[in-house]
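**Q** Sequence:
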Amino acid sequence: MHRHEITDRQWALVAPLLPGKATDCGVTAHDNRLFFNAVVWLLRTGAAWADLPERFGNPNSVCRRFRRLAQKKVWEAVFEALKAPELDWVMLDSTVLRAHQHAAGQKKRPRNRVLGRSRGGMSTKIHACIDALGNAVRVIATAGQASDCPQALDLLAGLDTRMVIADTSYDSDANWAYCAEKDIAVVIPNRPNRLEHVPLDKEYYRDRNKIERFFGRMKQYRRLATRYDKTVVSFLAFWHIAAALDWLR
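Quick note on the numbering used here: the sequence shown kicks off at 1 and runs consecutively.
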């Protein structure tokens, strides 16, 4: 088995989730495992599509197939199918990823590229919600300069959890009100300007390092550490694939 390719155990779990199987309607894919390994190779190396090794086939064909599945949200569906979160409590945080010139080079950028100018230049911010064990439950993307606080409600929507842990940037009346309505305990340090301070459970707050470790694992995939993809659809697709593989580790 070549380096950067998935194991037989991992493929046994992923294979039923990809379209193009012999039992599916329509055209049967030539080799789903080879295609998926090509995507994982790109994810791990951060290489350009044109540099895809010959054993994976025509780079343009692989790229178009990947994009087609990304637009149909197949990669997100794979992630959703493989995750089995422990929702006793969840943690929220974000990380800013600088955009490579190939992703941010055009002067006229469509609005759906989700790029913004932060301190480090053109960038995208990934907001994540992880479970009590440190695995991804949900990831969303915004422009790099976007605030963390407004994303909390989207990250928590529909989750049946008893507690949320996050840093001070998520301290807002709207977030506290939502958690109170859903009977969710809040472990978030108060902003200095908050008039009525709420005691912080420091024992639970120490557990927040799990989301930092999650981002550390994700950034070992070079395609995630820097944004090379022009469209946020492709970039988020790679994040969903990496998060799915994290569940299979």
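No wet-lab data here; the hints were simulated from the structure.
Values in this document were obtained by computation on a predicted structure and should not be read as measured data.
Heads up, some of the hints might be wrong.
Taking lysine-lysine and the BS3-like style, the derived pairs with C-alpha atoms no more than 25 Å apart in a straight line are [as the list claims (entries may be wrong)]:
| id | residue 1 | residue 2 |
| --- | --- | --- |
| 1 | K182 | K219 |
| 2 | K219 | K73 |
| 3 | K83 | K21 |
| 4 | K182 | K73 |
| 5 | K230 | K219 |
Across the chosen pairs, the derived CB separations fall in these ranges [said to hold, decoys possible]:
| id | residue 1 | residue 2 | range |
| --- | --- | --- | --- |
| 6 | D8 | G216 | 33 to 39 Å |
| 7 | A84 | E181 | 40 to 46 Å |
| 8 | T45 | D8 | 39 to 45 Å |
| 9 | R68 | A48 | 16 to 22 Å |
Note that the Cβ used here is the ideal one computed from N, Cα and C, for glycine as well.
**Q** All hints are to be evaluated individually against the structure, with a verdict given for each.
**A** Hints versus structure:
| no. | hint | in the structure |
| --- | --- | --- |
| 1 | K182 - K219 | violated (33 Å) |
| 2 | K219 - K73 | holds (22 Å) |
| 3 | K83 - K21 | holds (22 Å) |
| 4 | K182 - K73 | violated (29 Å) |
| 5 | K230 - K219 | holds (18 Å) |
| 6 | D8 - G216: 33 to 39 Å | violated (27 Å) |
| 7 | A84 - E181: 40 to 46 Å | violated (27 Å) |
| 8 | T45 - D8: 39 to 45 Å | violated (22 Å) |
| 9 | R68 - A48: 16 to 22 Å | holds (19 Å) |
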